[in-house]
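**Student:** Here is what each chain is made of, one letter per residue.
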Amino acid sequence: MTREEIVDAIKDIIRTIAPDEELSGLKSDVRLREQIALDSMDFLDIVMELRKRYGVQVPEEDYKELATLDGCVAYLHPRLKDRPAKVGV
Amino acid sequence: MSAPRYDAIVLGAGMSGLSAAIRLAQFDRRVLLVERHSLPGGLNSWYKRAGRRFDTGLHALTNYVPRGTSGTPLAKILRQLRIPYEALQLAPQRRSEVVFPAERLSFSNDIGLLESEVARAFPASREGFARLIECVRSANPFDAQAPFASARARLLEFTLDPELVEMLLLPLLWYGSALAEDLAWDDFVILFRSLYLEGFARPEGGVKTLLDLLVARAKESGAQLRMNCPVRRIVVEGGAARGIELESGETLACDQVYSSAGWVETRALAGAPAPQEDRGWVTIFETLCVTRTPHRARGHDAAITFFSQVERPRWREPAELVGFESGVLCCSDNYQTREEPAEGLLRATLLANHDRWSELPEQEYAAHKRAAAASLEELSARFVPDPRPQTLFRDGFTPRTIRRYTAHAGGAVYGSPLRHRDGLSGIANLFLVGNDQGLVGVIGTLLSGITMANLHGLYAQHT
Chain A
7 MTREEIVDAI
17 KDIIRTIAPD
27 EELSGLKSDV
37 RLREQIALDS
47 MDFLDIVMEL
57 RKRYGVQVPE
67 EDYKELATLD
77 GCVAYLHPRL
87 KDRPAKVGV
Chain B
9 MSAPRYDAIV
19 LGAGMSGLSA
29 AIRLAQFDRR
39 VLLVERHSLP
49 GGLNSWYKRA
59 GRRFDTGLHA
69 LTNYVPRGTS
79 GTPLAKILRQ
89 LRIPYEALQL
99 APQRRSEVVF
109 PAERLSFSND
119 IGLLESEVAR
129 AFPASREGFA
139 RLIECVRSAN
149 PFDAQAPFAS
159 ARARLLEFTL
169 DPELVEMLLL
179 PLLWYGSALA
189 EDLAWDDFVI
199 LFRSLYLEGF
209 ARPEGGVKTL
219 LDLLVARAKE
229 SGAQLRMNCP
239 VRRIVVEGGA
249 ARGIELESGE
259 TLACDQVYSS
269 AGWVETRALA
279 GAPAPQEDRG
289 WVTIFETLCV
299 TRTPHRARGH
309 DAAITFFSQV
319 ERPRWREPAE
329 LVGFESGVLC
339 CSDNYQTREE
349 PAEGLLRATL
359 LANHDRWSEL
369 PEQEYAAHKR
379 AAAASLEELS
389 ARFVPDPRPQ
399 TLFRDGFTPR
409 TIRRYTAHAG
419 GAVYGSPLRH
429 RDGLSGIANL
439 FLVGNDQGLV
449 GVIGTLLSGI
459 TMANLHGLYA
469 QHT
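Residue numbers (the working numbering), protein chains in the order written: chain A, 7 to 95; chain B, 9 to 471.
The reader is advised that the hints may include incorrect statements.
[Said to hold, decoys possible] Short derived list, chain A residues pointing at chain B, Cβ under 8 Å:
hint, residue
1, Thr22
2, Ile23
3, Asp48
4, Met54
5, Lys58
[What the hints assert, rightly or not] Only pairs whose alpha carbons sit at most 27 Å apart, straight line, appear in this in silico BS3-like list of lysine-lysine:
hint, chain 1, residue 1, chain 2, residue 2
6, B, Lys227, B, Lys216
7, B, Lys56, B, Lys377
8, B, Lys84, A, Lys70
9, A, Lys70, A, Lys58
10, A, Lys17, B, Lys84
11, A, Lys33, A, Lys70
12, A, Lys58, B, Lys227
13, A, Lys17, A, Lys58
14, A, Lys58, A, Lys87
15, B, Lys84, B, Lys216
16, A, Lys87, A, Lys33
17, A, Lys58, B, Lys84
18, A, Lys70, A, Lys87
19, B, Lys56, B, Lys216
20, A, Lys33, B, Lys84
21, B, Lys227, A, Lys17
22, A, Lys33, A, Lys58
Treat the hints as calculated values from the structure; they're not laboratory data.
Quick caveat, the model's predicted, so the values are computed rather than measured.
Glycine residues also receive a C-beta, built at the ideal position from the N, C-alpha and C atoms.
Given the sequences, and given the hints that come with them, work out the whole structure.
**Tutor:** Have a look at this one:
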């Protein structure tokens, strides 16, 4: 997956969890939870969807790495760069 | 035991069983959901009679918030179950009311109405009520380690008029207390938010709308549903649940069992009975009455009327078949639906005594049911338009009916007074969901199934 595909994958997961949130103007360097209403249950769902869709395990001590879209890409790209992008579930 | 093997078997396709099954299946657990009856819902189900569909449990969905509100229980449930807000087709109430011998208070989905009602009827309590609202807003009622605190004791801090305290408590007790005469302060906070800060709505189409959504989500997520499938026992070996045995004799193996049967009932199914006194006591007598004219056309716009005939209504099991001190009158046609209702539907509810109903000889049961229904209709007419001259159809049920359809000991609608917040049953791999785990009501039990599936099935095994 490319960096762009990873951003799309994260946004797609957020859309599944929080369909009411507007994602088009998301800034990549600002914490997701400051831009859209995501609580801790929603955040855990993002982590579980990542495992379900892409088989990537995010241990609890790494959750902080996923705070921003940039952080997600930096953390996930080394782990996903050899995987093909999947669309939806 | 025979194949196939499941990650989890969920007992009961009511609100909590369905929500637990959806959560687990959503993350690829192999889930089997078994239900004794042919319809899902348990206590919150529906039936058809005389060409109409009636809900059995749902008076109102609490925790109403408009679309786009996040962070509240309703919003959390919809996100966790991946149900779009619009799919619920919520019709909000106009208002509801609490009626006592000397005073009445209206409330709606805007707390401003209740604040102005309190200021009008209890001017000396105005400031204390404002402090109470602030306290409820900022409290954290979800601290599992917090010791029990009595809501009645905590309420003394706000120097409210004693009659106002009773009036505020009555709807909360009716919609959520399995304790006698009181409720836990944490439950008070949760219920105060649910009823007064958020409010009431009803899905258009009633509880069936919600159940259809839940069943569809369970199936889409890959959960397997088996209806008409009563469970004989939970198989326990070496102190851990290993599967279930059906009434048919078939055994099914699994890693985890989630039971919505209740604390007492689950322990009995697992061959390790709980003490009798753990049984819940809140059970009801309810009548339904279809009237020719909708209630609003007869000048009554309240969705729910909580009434008390005495200054301090008791909240405990009545000594007689039914208790007439307080009750709930629900005009199901008084929600703001897109289509105007064609007729009225009054649901009237009183506390009842399960054992008294059960002891009645068969030949006297029907006559007592008719007599109680007649008394209740006469009583209803003091608070809402008299249903009697307008009746097109009437029906009713007793604690016996509830026991038959929910398999809850004593026909208990709110489960055991003993809560098991952690969902632990005392037997490994066997978890409680529903009333006896957490909160009551449709929203409370949906959250119970979600949080227990998350805690014991998803988060625990994730890291």
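**Student:** Assess, step by step, whether the Cα of Lys56/B is no farther than 27 Å from the Cα of Lys377/B, and give holds or violated.
**Tutor:** Holds, because 20 Å separates the two Cα atoms, which is no more than 27 Å.
**Student:** Please check whether Thr22/A passes as an interface residue: C-beta within 8 Å of a C-beta belonging to chain B.
**Tutor:** Holds: closest Cβ of chain B sits about 7 Å from Thr22/A, inside 8 Å.
**Student:** Would the hint linking Lys58/A and Lys227/B be met if the CA-CA limit is 27 Å?
**Tutor:** holds (18 Å)
**Student:** Given the hinted pair Lys33/A and Lys58/A, is their Cα-Cα distance within 27 Å?
**Tutor:** Given that 27 Å is the threshold and the Cα spacing comes to 26 Å, the pair holds.
**Student:** Does Lys87/A sit within 27 Å of Lys58/A, going by the straight-line distance between their CA atoms?
**Tutor:** Within the cut-off at roughly 17 Å; holds.
**Student:** When you check the alpha-carbon spacing of Lys227/B and Lys216/B, does it fall within 27 Å?
**Tutor:** Since the Cα atoms of Lys227/B and Lys216/B sit roughly 16 Å apart, the hinted pair holds (cutoff 27 Å).
**Student:** Against chain B, is Lys58/A within 8 Å by beta-carbon distance?
**Tutor:** holds (6 Å)
**Student:** Given the hinted pair Lys58/A and Lys84/B, is their Cα-Cα distance within 27 Å?
**Tutor:** holds (21 Å)
**Student:** If you draw a straight line from the CA of Lys56/B to the CA of Lys216/B, is it 27 Å or shorter?
**Tutor:** holds (11 Å)
**Student:** What's the verdict on Lys87/A and Lys33/A, does the C-alpha distance respect the 27 Å limit or exceed it?
**Tutor:** Holds - the C-alpha atoms of Lys33/A and Lys87/A are around 22 Å apart, at most 27 Å.
**Student:** Hinted pair, alpha-carbon criterion (27 Å max): Lys227/B, Lys17/A. Please report holds or violated.
**Tutor:** holds (25 Å)
**Student:** So if I understand the rule, the pair passes when the alpha-carbon distance is 27 Å or less; does Lys17/A with Lys84/B pass?
**Tutor:** holds (19 Å)
Comparing the model with each earlier hint shows no violations; every hint is respected.
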